[in-house]
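Novice: Could you slot chain B onto chain A? The hints should help.
Residues per chain are reported as follows:
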Amino acid sequence: MLHYTRGDFLATFALALESKMRILLVEDDPMIGDAIQRALSDASYAADWVKNGLTGLAALDTHPYDLVLLDLGLPGKDGLDVLDCIRARNNLVPLLIITARDNLDDRLRGLDGGADDYLLKPFDIAELLARIRAVLRRKGGAAQSVLGNGVVTLDLLSKHASTDEQREVALSSREFALLQALLIRPGAILSRSELEDRLYGWGNEVESNAIEFLIHALRRKLGTHVIKNVRGMGWMVSKSV
Amino acid sequence: MDGFKKRLSESVQLRLSVTLCLAILLVALAASVFAFVSAFEETHEQQDATLRQVAMLFDRQHMTLQYPQGPALAGDDEETRVIIQRLSDSPHATGTTDEALPLPFPAGLADGLSTVEVAGEAFRVLVHTTAGGEHIAVAQESDARDKDAREAAWRSLLPFLILFPVLLLVVGDLVRKLFRPIGVLAAEIDQRAEQELHPIEEQHLPTEVRPFVVAINRLLARVAQSMDSQRRFVADAAHELRSPMTALALQADRLAATEMSPMSRERFVPLSRGIARGRQLIDQLLSLAAAQSTSERVHTRLSVHAVYRQVLEDLLPLAERKQLDIGVDGAQDVHVTFNAMDLLTLVKNLVDNAIRYTPEGGRIDLSVTQIPGAVLLHIKDSGPGIATEEQARVFDPFYRSLGTDEAGSGLGLSIVKAIAERSGARVQLSFSDTLAQRGLCVTVWLQALKAPAPNKDNHHLF
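The listed protein sequences correspond, in order, to chains A and B. Per the numbering used here, the very first residue in the first sequence carries number 1; after that it's consecutive. Per the numbering used here, the very first residue in the second sequence carries number 242; after that it's consecutive.
Misleading hints may appear alongside valid ones.
Said to hold, decoys possible - Which bits of chain B does chain A cover? Going by a derived footprint, with three or more residues having C-beta under 8 angstroms, they are:
1) 433-447
2) 475-488
3) 492-504
4) 545-555
Hints listed in this document are in silico derivations from the structure and should not be mistaken for laboratory results. Small disclaimer: the values here were computed from a predicted structure and weren't measured. We put the beta carbon where it would ideally sit given N, CA and C, even for glycine.
Excised from the complex, chain A in its bound form:
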């Protein structure tokens, strides 16, 4: 166990004062590490970068982190072993694996070992930031009050939808339920029967064109581009940009 010094204490205190989220990046590749660290800073995260697993574990012992980005192919101690060590110490810090290993075994071992997500290299900064936000949101436990995909946002409390052109459009409860079903996973296609099940409960008798009617109504209120039809498959809202 490392000793807490006065300096450490102050640093932690200072961190607590800052509203910035603090992220530990464990990555041995200098170019990738540098790029991620700078990108995180640009996105207003405080990022500490260490280049091997042992230093990473030591850093976790000394500082509270809001999130860990962990590479798997690390020198000395493999990323999966680092993950085991972290979880063995009952440290439940949100953890996202970033790796070039794409085989199923590693992925399963990572997720079973307590990683919150698994991001395969190469990735975009936007993708990384989105995953970080998602993990923090899930771990934060705070109920999300707004769903959105960049085209349309849905306020779950007021049940109002907004687009760039239309602000605060009031929706009927069925319209709201349908849009919510689609916005839970933007980019996912939902078939008619899946939408019917979500809206009316499983096995209920539904009028044959009920879904089309609701979608027509939503498009009239929010614009036709909001909900997309995939011929023969169902409907979707575009994936978050």
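Specialist: Only chain B this time, still in chain A's reference frame:
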């Protein structure tokens, strides 16, 4: 003739058959000549013995000799009959023919057998001196004797005439049967897919062939090893490329976020496009290496529509960028037993291809049908299609059709081919619009118990 000689020098089976047949033919020929000659002579000897017996009979029973008068008795054949006459009667011969007795034998004939020409015909004559001191001649026409002897000789050949073809058939069949394991083996090896490099079964092979098979097995093992290491190299290389490519992509992302002059921004676009292409190529290389790997796959029951949906979810943004009308035809879903990752990769590559090569505003249709013994996936587009003569080549890695400016990796169809070959699926290319020869229609046969016969015109199968 030259062709036959060439085949003879090349084919052990043919040489063996021909040599054995020739040997049988020669032996049979020699045996028949011997049998013919000995049967011929045997008959003559018997006939001579008959003449002697007649002479002895005449002598022993003191028969008196009386020449026949008037018409011949019924059943008495002039050609084959045995005649007896006193040699001393010869000068009293009445005619010049052999019709009536006595015949004009030469008076000076000595005791014993001889062949004499009488009245234009050859006779076999036995001169015998009886106990009474009388010279008698017992004779028979040579023609009839020879005819009988020849008949007997030919009959002695009969067994050979029957045995010879039977023997040829038996030898031919035997040789063919002995060589059959080699033929079966060749067919088995011939039917193997590219990845099937397991050793050849050598248990039931003749010992003469076994060393050869053992050598081939050793070669197969070496080839498998080298192919494996090559595949691993490709996979490892692509894998190693991931890190620098990630770094490059991340740096480019950061650069894009900074303030740039319009000119820099303009020049930045092809750079980031190039990086995206590099990333895609690495992904496709890894995908190909995975598709070619020989590791066992877990097969599960999959809904084809669920696979279509996942592929569409992934690729819809690409299709939307080109304003393509992409969708699924038919409401009837079909289930197949396949490796989930493989089927997803296969369909995704085909749909990705369709999106790439279909011009803006085009249409892509996915559908699935079930026929007895097979499930057929169709991916149809309204693009230019693939010319018939090109259809076989588009599955080669990095092959790119002429006149396409599409920045594909050139690996999509190779990945499809690798998955299909390993899992027994078949991929068939044809035109969506057969009359206009436009639009690519890819049909994937899954779980095909019986594959369709390759059709030379307009279809390519592997």
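Novice: For each hint, tell me whether it holds in the structure or not.
Specialist: Hint check results:
| no. | hint | verdict |
| --- | --- | --- |
| 1 | 433-447 | violated (count 0) |
| 2 | 475-488 | holds (count 7) |
| 3 | 492-504 | holds (count 4) |
| 4 | 545-555 | holds (count 5) |
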